[in-house]
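Student: The listed protein sequences derive, respectively, from chains A and B. As numbered in my numbering, residues 1 to 497 make up the first sequence, in order. As numbered in my numbering, residues 1 to 497 make up the second sequence, in order.
These aren't lab readings, by the way, just hints derived from the structure by calculation. Any given hint could be a false lead.
Below, in silico cross-link-like pairs of lysine-lysine (DSBU-like), each with a Cα-Cα straight-line distance of 35 Å or less [claimed, not checked]:
{"id": "1", "chain 1": "A", "residue 1": "Lys7", "chain 2": "A", "residue 2": "Lys177"}
{"id": "2", "chain 1": "A", "residue 1": "Lys326", "chain 2": "A", "residue 2": "Lys163"}
{"id": "3", "chain 1": "B", "residue 1": "Lys396", "chain 2": "B", "residue 2": "Lys248"}
{"id": "4", "chain 1": "B", "residue 1": "Lys35", "chain 2": "A", "residue 2": "Lys7"}
{"id": "5", "chain 1": "B", "residue 1": "Lys177", "chain 2": "B", "residue 2": "Lys7"}
{"id": "6", "chain 1": "A", "residue 1": "Lys101", "chain 2": "A", "residue 2": "Lys186"}
{"id": "7", "chain 1": "A", "residue 1": "Lys35", "chain 2": "B", "residue 2": "Lys7"}
{"id": "8", "chain 1": "A", "residue 1": "Lys248", "chain 2": "B", "residue 2": "Lys35"}
{"id": "9", "chain 1": "A", "residue 1": "Lys94", "chain 2": "B", "residue 2": "Lys385"}
{"id": "10", "chain 1": "A", "residue 1": "Lys385", "chain 2": "A", "residue 2": "Lys303"}
{"id": "11", "chain 1": "A", "residue 1": "Lys101", "chain 2": "B", "residue 2": "Lys7"}
{"id": "12", "chain 1": "A", "residue 1": "Lys101", "chain 2": "A", "residue 2": "Lys396"}
{"id": "13", "chain 1": "B", "residue 1": "Lys444", "chain 2": "A", "residue 2": "Lys210"}
{"id": "14", "chain 1": "B", "residue 1": "Lys444", "chain 2": "A", "residue 2": "Lys35"}
{"id": "15", "chain 1": "B", "residue 1": "Lys337", "chain 2": "B", "residue 2": "Lys210"}
{"id": "16", "chain 1": "B", "residue 1": "Lys186", "chain 2": "B", "residue 2": "Lys383"}
{"id": "17", "chain 1": "B", "residue 1": "Lys7", "chain 2": "A", "residue 2": "Lys112"}
{"id": "18", "chain 1": "B", "residue 1": "Lys177", "chain 2": "B", "residue 2": "Lys490"}
{"id": "19", "chain 1": "B", "residue 1": "Lys385", "chain 2": "B", "residue 2": "Lys248"}
{"id": "20", "chain 1": "A", "residue 1": "Lys210", "chain 2": "A", "residue 2": "Lys175"}
{"id": "21", "chain 1": "A", "residue 1": "Lys210", "chain 2": "A", "residue 2": "Lys7"}
{"id": "22", "chain 1": "B", "residue 1": "Lys175", "chain 2": "B", "residue 2": "Lys210"}
{"id": "23", "chain 1": "B", "residue 1": "Lys124", "chain 2": "A", "residue 2": "Lys35"}
{"id": "24", "chain 1": "B", "residue 1": "Lys210", "chain 2": "A", "residue 2": "Lys248"}
{"id": "25", "chain 1": "A", "residue 1": "Lys444", "chain 2": "B", "residue 2": "Lys35"}
{"id": "26", "chain 1": "A", "residue 1": "Lys163", "chain 2": "A", "residue 2": "Lys35"}
{"id": "27", "chain 1": "B", "residue 1": "Lys7", "chain 2": "A", "residue 2": "Lys248"}
{"id": "28", "chain 1": "A", "residue 1": "Lys35", "chain 2": "B", "residue 2": "Lys303"}
{"id": "29", "chain 1": "A", "residue 1": "Lys7", "chain 2": "B", "residue 2": "Lys140"}
{"id": "30", "chain 1": "B", "residue 1": "Lys112", "chain 2": "A", "residue 2": "Lys7"}
Some residues of chain A that are not near chain B, with every Cβ distance over 12 Å (derived) [what the hints assert, rightly or not]:
{"id": "31", "residue": "Lys124"}
{"id": "32", "residue": "Phe232"}
{"id": "33", "residue": "Lys326"}
{"id": "34", "residue": "Arg459"}
With the Cβ distance kept under 10 Å, some of the chain B side facing chain A (calculated, not the full set) [as the list claims (entries may be wrong)]:
{"id": "35", "residue": "Asn14"}
{"id": "36", "residue": "Gly36"}
{"id": "37", "residue": "Pro238"}
{"id": "38", "residue": "Val241"}
{"id": "39", "residue": "Gln270"}
A quick note: this is a predicted structure, and the numbers were derived from the prediction, not measured. Beta carbons: idealized from backbone N, C-alpha and C, even for Gly.
2 protein chains.
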Amino acid sequence: MNELYTKFHQLRSNISDLAYTHAVLNWDMEIYMPKGGSDFRSQQISTLAGLVHDLSTSNEMGDLLAKLAKDDTLNAIERRNVQESVRLYERERKLDNDFVKRLSQAISQSYKAWMQARDKDDFKVFAPQLKEVFELSREKAARFGYQGHPYDALLDEYEPGMKTNTLDTVFSGVKSKLGAFINKIKDQEAPDQAILNADFPIQAQEALCKTIATGLGFDWNRGRLDISEHPFTTSFNPNDVRITTRYKENNLLESVWGVIHEVGHGLYEQGLPDSQYGLPAGEPVSLAIHESQSRLWENNVGKSFNFIDAYWDTFQNSFPEAFANKSSQSFFKAINKIEPNLIRTDSDEVTYHFHILLRYEIEKGLMEGSLDILDLEDIWNSKIKEYLGLDVPSPKLGVLQDIHWSHGSIGYFPTYSLGTFYAAQFYATAAKAIPDLDHQIHHKNFAPLLVWLRENIHRLGHQYDSEELCLKVSGEPLNYNYFDEYIHHKFGQVYKF
Amino acid sequence: MNELYTKFHQLRSNISDLAYTHAVLNWDMEIYMPKGGSDFRSQQISTLAGLVHDLSTSNEMGDLLAKLAKDDTLNAIERRNVQESVRLYERERKLDNDFVKRLSQAISQSYKAWMQARDKDDFKVFAPQLKEVFELSREKAARFGYQGHPYDALLDEYEPGMKTNTLDTVFSGVKSKLGAFINKIKDQEAPDQAILNADFPIQAQEALCKTIATGLGFDWNRGRLDISEHPFTTSFNPNDVRITTRYKENNLLESVWGVIHEVGHGLYEQGLPDSQYGLPAGEPVSLAIHESQSRLWENNVGKSFNFIDAYWDTFQNSFPEAFANKSSQSFFKAINKIEPNLIRTDSDEVTYHFHILLRYEIEKGLMEGSLDILDLEDIWNSKIKEYLGLDVPSPKLGVLQDIHWSHGSIGYFPTYSLGTFYAAQFYATAAKAIPDLDHQIHHKNFAPLLVWLRENIHRLGHQYDSEELCLKVSGEPLNYNYFDEYIHHKFGQVYKF
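All chains, full assembly: derive it from the sequences and hints.
Tutor: So this is what it looks like as structure tokens:
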């Protein structure tokens, strides 16, 4: 037993204990906390965050890491845990308390301004505070340091190792190939969605969501499903993973495919190795890899004909009035309609990526200084017109729709698309390894896929950055063509190509 | 502004942030946590507890307190906050890490042994571990130090300032006066409880509990009611107070009067001054004062005829099948039957105190060394025979019934009776201050009582120890006679005296 390494693991576990405790406070705040509790709760969360920062950047941690970095008796996983911890330690040490305070004040102001701007439906109310957030983000990038593009330094927070260069390649695929894809179908007759306009009693929705989550392999002994205004997944450790959803009487898609999405995140968290608790090898790789898991189950599995057909009996039994005498085929087509939407979160799985493309272009431009905040509304509207052919009637339905920028999350959006593209590549790889995968899904046997994901992705934790992992899993770097093939295959069952 | 005091308040607030966070983890563990999460959750809780201990006993805290203790510019509340914090600081410094570890290991072992002993219904399985717990408790008392009885040092943890002498006086009242009281009724005809043997649909119980909690003044904007196996109240700050209950189809009393009890605790927590968050003046006085609030609402208010009669319509509307054509009088009598029970928690509010008396005598004897653990089962059984006239058929229904000793909680039981007796004294005092109090209760107007409790007890936090508070509120020290008068008055409506 290496004493120093054991000490290091212990210290990291303590930090995770506090970080996961922070997650419990957040979860409770979203789901159960009475309104009156919010001021003290914010204070408690901030105290915990401060402690996590102090412990993570302590001299004790620094000394341990310096010694362990030179220790050649460590095995490969241990070495990787040390390396990644050094990266995180050095990164966090670069933000001094004064900067953290300025940033958090600016974010708090900009969040308020964003709320007001939405109320007034006026981008100008938000612009000055957004400018401040981007200025501080540039300062942050400079503090972190970068070799290529300043945007790299921000990306690194959500997607370690990811570069603007790679994103440029990926999004050129979106611009050309996805643009061509949409052009092919835009004048075709759209599938009929009448089947979705029905009453779906909430109790039956709840039961159905649980049935499907169970079927996919979500472990209720190590997880829960609750209701929150905005669905999310959080983990308090690999054996306590909480997902949420929301139910509306007239909207079946939001709850069922929302739950499948969160189950995807949850299966990933439940599959992390608990022996590595507190260490990088016990944690998820990145936002994109996390999103690859949710999108894979939601779209590649959950919106496939095989899946719909497998569960069609269950759907019909759950909602006899809505689905009697309806076919799985018509339901499959209805939920796979492609139609540009002004709102990112309401978009289908294809046009969605134009939303990310335009946000990526804007973030990069603002970070470079080649775009001006004051022009942002016009830029947004013209890009929406160019990519989706839509006119933006008001900023609430355009540049003011997302919370991310007001929260200072710059570099976050691209991970949504990356996740989707990784999902397509992983699913294609799994399909090669499991020759009858589609057949298994048609028989509600999801275990082979889950076992494959556990083996190849979940159990590895963050031993590899996303690009390394992708190479290891699929034998090649991220390749947009897998997504292109996937949508041609699936939407070929709905549209003509 | 006194800079040192501000720094001290800040430090205490940080400690409370972590201590309340600990409470959130416990609450979630009891109510929502999936089973699989328990190992890591225990670890997270232990990390938080360790941090709270480290911060509470830090040299920084010690230096601040030493300086503030000499500061004569502080006002009365500030002085009291410093004094009480000094007491807690010095107390906690007396337990070194080695002792804390030994104690926590012994408790963990004894809890397991207690569970096994209950399974086997055999006290001998628990005896060796219980002996260890009492030995460590004696060591703890020696470390804390005491002037009179070693039991004083343990009492102090739950009931600061309370002495064994005072308890001897109080329990001599139980032994003689309460004994005489029970003797008077034991051959009388008991009230008919047939009215309680009915089906009480759980949804209706839930609605009724909420109606009553609202009526009593529980603030839902600053609190919640959830379901747990064992009912409890916890607070995450004065503006976020959580109570729990449980529902059984065939048991109305457990849920409704359980909720009233917890509401009593909850109103106290919601009434603490939030400006004093983190400081003694923002915290409850003691377990007994806490219990005085729950018992006052549960028994003095909630089991009075005026209360039952006021809500009788609501009861009848909630459970038409059970209560149609039944009178509030018969229900009032049914819920106020006095009947010795082997189990403390199933006991009526009168014979209950014999349970506490015998536990008090045993704890004191074991601490003194005048009793031997090996004789405990016999001692228990003979005292139950003497005080309640019952034969104990098996240790599960006797000496093994409570969890407290296995948890190392010695000195805790007396606070239940103290709380009840304080409740009687406080209620009698309130009734003098609010001349038409009974009339107000009969009109469901609980505001005058709550306002009085807020003013005289809640808003003071822990500015006074329980005996000081009692003197301040009622003009005299704790006096058992108030309880004697209360039960003569109430049970005089059920039995003949």
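Student: Are the hints correct? Go through all of them and say.
Tutor: Each hint tested on the structure:
For the hint linking A:Lys7 to A:Lys177, the alpha-carbon distance of about 51 Å lies beyond 35 Å, and the restraint is violated. With a CA separation close to 48 Å, the supplied pair A:Lys326 and A:Lys163 exceeds the 35 Å bound. The straight-line distance between the Cα atoms of B:Lys396 and B:Lys248 is roughly 23 Å, inside the 35 Å bound, and the hint therefore holds. Proposed proximity of B:Lys35 and A:Lys7 is supported: the alpha carbons are some 29 Å apart, at most 35 Å.
A C-alpha spacing of about 51 Å is found between B:Lys177 and B:Lys7, which places the hinted pair above 35 Å, so the restraint is violated. Simply put, A:Lys101 and A:Lys186 have alpha-carbon atoms about 49 Å apart, too far for the 35 Å limit, and the pair is violated. A threshold of 35 Å between alpha carbons decides the hint, and for A:Lys35 with B:Lys7 the separation of about 29 Å falls inside it, so the pair holds. The hinted pair formed by A:Lys248 and B:Lys35 meets the criterion: a straight-line CA distance of about 30 Å does not exceed 35 Å.
Among the hinted pairs, A:Lys94 with B:Lys385 is inconsistent with the structure: their alpha-carbon atoms are about 72 Å apart, more than 35 Å. A distance of roughly 28 Å separates the Cα atoms of A:Lys385 and A:Lys303; the hinted pair therefore holds under the 35 Å criterion. Distance restraint check for A:Lys101 and B:Lys7: the Cα-Cα separation of roughly 19 Å lies within the 35 Å cut-off, and the hinted pair is therefore satisfied. For the suggested pair A:Lys101 and A:Lys396, the alpha carbons sit about 29 Å apart, so the restraint of at most 35 Å is met.
Proposed proximity of B:Lys444 and A:Lys210 is contradicted: the alpha carbons are some 43 Å apart, above 35 Å. As the CA atoms of B:Lys444 and A:Lys35 are separated by approximately 27 Å, the hinted pair is consistent with the 35 Å bound. Distance check on the hinted pair: B:Lys337 and B:Lys210 sit about 25 Å apart at the alpha-carbon level, within 35 Å; holds. With a C-alpha separation of about 18 Å, the suggested pairing of B:Lys186 with B:Lys383 holds against the 35 Å cut-off.
Note on B:Lys7 and A:Lys112: the hinted pairing holds, with a Cα-Cα distance of about 30 Å set against a maximum of 35 Å. Simply put, B:Lys177 and B:Lys490 have alpha-carbon atoms about 16 Å apart, close enough for the 35 Å limit, and the pair holds. For the suggested pair B:Lys385 and B:Lys248, the alpha carbons sit about 31 Å apart, so the restraint of at most 35 Å is met. Distance hint between A:Lys210 and A:Lys175 is unfulfilled; the C-alpha atoms sit about 38 Å from each other, more than 35 Å.
Restraint check for A:Lys210 and A:Lys7: the C-alpha separation of about 41 Å exceeds 35 Å, so the hint is violated. Note on B:Lys175 and B:Lys210: the hinted pairing is violated, with a Cα-Cα distance of about 38 Å set against a maximum of 35 Å. Straight-line distance between C-alpha atoms of B:Lys124 and A:Lys35 comes to about 50 Å, which puts the hinted pair past the 35 Å bound. Proximity of B:Lys210 to A:Lys248 is assessed by CA-CA distance (about 26 Å); at most 35 Å being required, the pair is judged to hold.
The suggested pairing of A:Lys444 with B:Lys35 holds, with an alpha-carbon distance near 27 Å, which does not exceed 35 Å. Under the criterion of a C-alpha separation no larger than 35 Å, the hint pairing A:Lys163 with A:Lys35 is inconsistent with the structure, at around 41 Å. Taking the CA atoms of B:Lys7 and A:Lys248, the gap is about 49 Å. The hint is violated against a cut of 35 Å. This hinted pair checks out: A:Lys35 and B:Lys303 have alpha carbons roughly 32 Å apart, not beyond 35 Å.
Proximity of A:Lys7 to B:Lys140 is assessed by CA-CA distance (about 31 Å); at most 35 Å being required, the pair is judged to hold. Distance check on the hinted pair: B:Lys112 and A:Lys7 sit about 30 Å apart at the alpha-carbon level, within 35 Å; holds. At the 12 Å boundary, the C-beta of A:Lys124 stays outside the reach of chain B, the nearest C-beta of that chain being 35 Å off. Under the 12 Å C-beta cut-off, the non-interface status given to A:Phe232 relative to chain B holds; the minimum distance is some 16 Å.
At roughly 34 Å, the least C-beta separation between A:Lys326 and chain B is larger than 12 Å, which holds for a residue marked as non-interface. With a cut of 12 Å on Cβ distances, A:Arg459 stays outside the contact zone with chain B, its closest approach being about 17 Å. Because the closest C-beta pair between B:Asn14 and chain A is about 5 Å apart, less than 10 Å, the hint holds. Here the hint on B:Gly36 is kept, as its CB sits about 4 Å from the closest CB of chain A, short of 10 Å.
Using the Cβ-Cβ criterion of 10 Å, the hint placing B:Pro238 at the interface with chain A is satisfied: the shortest such distance is roughly 8 Å. About 8 Å separates the beta-carbon of B:Val241 from the nearest beta-carbon of chain A, less than 10 Å, and the hint is met. Hint status for B:Gln270 relative to chain A: holds, with the closest Cβ pair at about 9 Å, below 10 Å.
The structure shown violates the earlier hints numbered 1, 2, 5, 6, 9, 13, 20, 21, 22, 23, 26 and 27.
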